[in-house]
Amino acid sequence: MDTAKQLRDKIAAGRMKSADAVKTVFDRIEKIDSTLGAFLSLYKNQAFEQAQVVDDKIAAGQPVGHLAGVPIAIKDNMCTTFGATTCASKILENFHAPYNAHVVEKLHEADAVIIGKCNLDEFAMGSSTENSGLKQTVNPWDTDRVPGGSSGGSAAAVAAGLCCGALGSDTGGSIRQPASFCGVVGLKPTYGRVSRYGLVAYGSSLDQIGPLTQDVTDAALLLNVIAGHDQRDSTSVPETIAPVKDYLAELETPVKGLKIATVPHLNQGADPSVQKAIQDALGVYKSLGAEIIEIDMPNFDYAISAYYVIATAEASSNLARFDGVHYGYRSQKANDYVEVYSKSRDEAFGTEVKRRIMLGTYALSSGYYDAYYLKALKVRNLIRSDFTKAFDQADCLMMPVSPTTAFKIGEKTDDPLQMYLADIYTIAVNLAGVPGISIPCGFDEKNLPIGLQILSGPFSEDKLLRIARMHEKQTDWHTRKPNF
Amino acid sequence: MAELDYKIIVGLEIHVHLATRTKMFCGCELAYGDTANTHVCPVCIGMPGSLPVMNKTALEFSILTGLALNCQIASFTKWDRKSYYYPDLPKNYQISQYDLPFSEHGYIEIPVESGGTKKIRILRAHLEEDAGKNIHTLGNFSAVDLNRAGTPLLEIVTEPDMNSPEEVGALARELQRIVRFLGVSEADMQKGHMRFEPNVNLHITRNGEVFKTPISEVKNLNSFRAIERSIAYEVRRQLHEFKETGKTLQMGNKSTYGWDDNQQVTVLQREKEEAHDYRYFPDPDLVPVEVNDAWLGEIKSRLCELPIQMQLRFAKDYGLSDYDAGVLTADRATAEFFDTAVKFGADPKRICNLLTQTGLKLANEKGTTVDQLGITPENLAKLAQMTDAGDVSATAATTIFEEMAATGSDPMQIAEAKNLIQKSDVGQIEALVDAVLAENAEAVEDAKTNPKKAKKAMGFLTGQVIKKSKGQANPKIVSQLLNKKLK
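Sequences listed follow chains A and B, in order.
Quick note, the first sequence lines up with residues 4 to 487 if you use the numbering used here.
Quick note, the second sequence lines up with residues 1447 to 1933 if you use the numbering used here.
If you're looking for bench data, these hints aren't it; they were derived computationally from the structure.
Check the hints yourself; a few may be wrong.
To be clear about the criterion: a stretch of chain B counts as covered by chain A if any three or more of its residues have a C-beta under 8 Å from a C-beta of chain A, and this derived list gives those stretches [as the list claims (entries may be wrong)]:
(1) 1495-1503
(2) 1767-1775
(3) 1799-1813
With a cut-off of at most 35 Å between alpha-carbon atoms, the simulated DSBU-like pairs for lysine-lysine come out as follows [said to hold, decoys possible]:
(4) B:K1795 with A:K336
(5) A:K346 with A:K336
(6) B:K1528 with A:K336
Beta carbons are placed, not taken as given, at the ideal position from N, Cα and C, and that holds for glycine.
Please model the entire structure based on the sequences and the hints provided.
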């Protein structure tokens, strides 16, 4: 499958029809998605219509956007006026949004063809997509294994060649970890870089939309399309404070005098095969002349505890609106309005969502607020300062994305705490708000992909992508595709 | 039992709808009484993925009110979520302000019956979004109208500094006058622009010991009369209850009451304040607001003289009665129009009469304010001067006022064109007087000799002279001449 950039260039140059590209992906989806389970909904007719519009524009010599005719998938927690926006939850199974998310508008402006909406852990809560209330998605490298999560459907779809690229959302690693498990590139931009308008909120102060792509160039291309201020999202950063850059412009230029920081005690927690892959990646950078320093991130270990207080607190409030009163699932067994709430929510939310709502409600309760929520905010500040200090010393941080490669379906579902702990490398990044990327850097002995995580300072996605591209140019991990 | 010595203690929570064009966190226009759910969007009905964006004007209106209430304005303020489940609250949390309200620690001066004012301390004022409305009149089910959801709502909390129903009423009226002067709210009670929740209890002294009765919170009062009557009722009820049970204020035994306007009684809604846990936390969708000196200065420049100060000044400087000063300062347009007209030099009482008797009536009929009638303050002053000088009669002044409003012309020109100038030439009038006296011998006789009929006869003769002058003779001179000649 062509990358988004390659395909767009071919289509724009008239060397290929968008309609043919769309046909290719739908043929493949029809062949394998019943096994893979990446998509919750598909929009074949609409996709062909959109492809035709693009092909007509090109035939007429009109200018076309940066994703002209390119088949793109989006995670099903982004609102669209077409189809349902389910968040993989029974409570929103039939919810049709009357508006498009900001990123959907941006994709349309770029002439992309949105082919379908991808599976996820219910309300983006999870690390394996096993918490989807609607569907099971499997890992294209090994169908007994999870694709990661929560953007598991998006990652699996990109890895299996069911789309040229996809959008996911990342609250505690939900783009980077499935990208790592599926062997694709996943970028979480700086908090505030991409508008959250139309993204169904999980943890509002942590959520960020980003691309999952076949290579670093495509990540830059998609970021170019979706980044920027949106007045409908007060937390999206104004151009005057952090202007959007052309992330493709300098992508091929290596960062001169690159200084990389690593955190030895963190890496030691990963599987040997993961540790080795990270060492090999660092070796690649060394061979390119990079300097590698070892630093300490003293508060990193508290990230998971702080995250599961802050994210669940916000979630308990964000998900309060799903009550069976105004829209979405309503219990038929309710006898009064209080039961409309309690029964609708009880019947339609999955176990993990309920667990997090209860955790968050508890943390915010009077008498516990100071001990949990307020303390977590303090930890968050300490973690931020850890990152600030790190980026004072080095251009970027490198570490694993996940301590393991993709695990087996059902392996961790009985032990939520184990599942939470696996997010150790990705979670602190969301608490600090900095950008992070996962790029393929090797395979373990079971031929499962391993991701290298690179982190850099706020709004330095341009540098982050350039650093990622340096590694990509020297290796071919990203070109390996699952035999699916 | 002997009558108890007691003191009434009342604090007040007031909700004021701000008169912004759009809602607090979205672009929907404010609506009152429109078809249900026609002023809504994804944000104010809490659709997933929608995000609030602060209405800057609403915050500016609030800060302006805070300044008028002598509050300290915070340089850093933020938004919090207040969680509770109710069908009229679409997100099941209300965006409000918890620990860092935009303003705190002020006071409001209210007029008191003995004259002068009393200071009532303001604890805090914060901004929040209003909820929608549940409708229970459709039979077997309830409906929700979200037109009101998201309306900017200013909540003002006073200290318990009021000691009578009348003082609470006075505060409510004074606040209405202030927000109208500032132009931040229409403060129309019937439209629910202002809602009041008094917290009432009594400090009863018996045998030298002070007993505090349990606090009652009366919810959602939306008329001045209901405020005063419900508090008066609570005073009676609490006194009675204390005599019967001796119950006193303990931790947490605040009860919530509603006001039944038909029965004129308060009705218990919740015995004990349920252990409400609103789980406040900072709203991550909104950025905190920094109010810097430049911005605050700009808002300060929009402040005007407050109505109570104007009222006191009008009474003191212009010698007006408290009543007149109160009528003139009921709205800002009238007050300022009056104040400007007086500066053109005429008797303030005369200007006041013209403005309150004719001006306000006319403005009311036209559904506007006196400054919009087409009359300049200068011309009003001229008219007052003409009336005082006897150039025109008081009746004629009304006619001229109306004509001024219709045409915008100068009062003297109107008076001349309409032949409304009074004749004050003694010689001319004397001739008319003589003629009338000659023609009405009987009345002259009565006036001179019959004390019983003298007054009536004088009135008749005056009328005849004025009639002969075609209404133009100055009645003062007519009566002086008649008196002289009939001695």
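Taking the hints in turn, this is what the structure says about them:
no.: 1; hint: 1495-1503; verdict: holds (count 6)
no.: 2; hint: 1767-1775; verdict: violated (count 0)
no.: 3; hint: 1799-1813; verdict: violated (count 0)
no.: 4; hint: B:K1795 with A:K336; verdict: violated, 72 Å
no.: 5; hint: A:K346 with A:K336; verdict: holds, 7 Å
no.: 6; hint: B:K1528 with A:K336; verdict: holds, 29 Å
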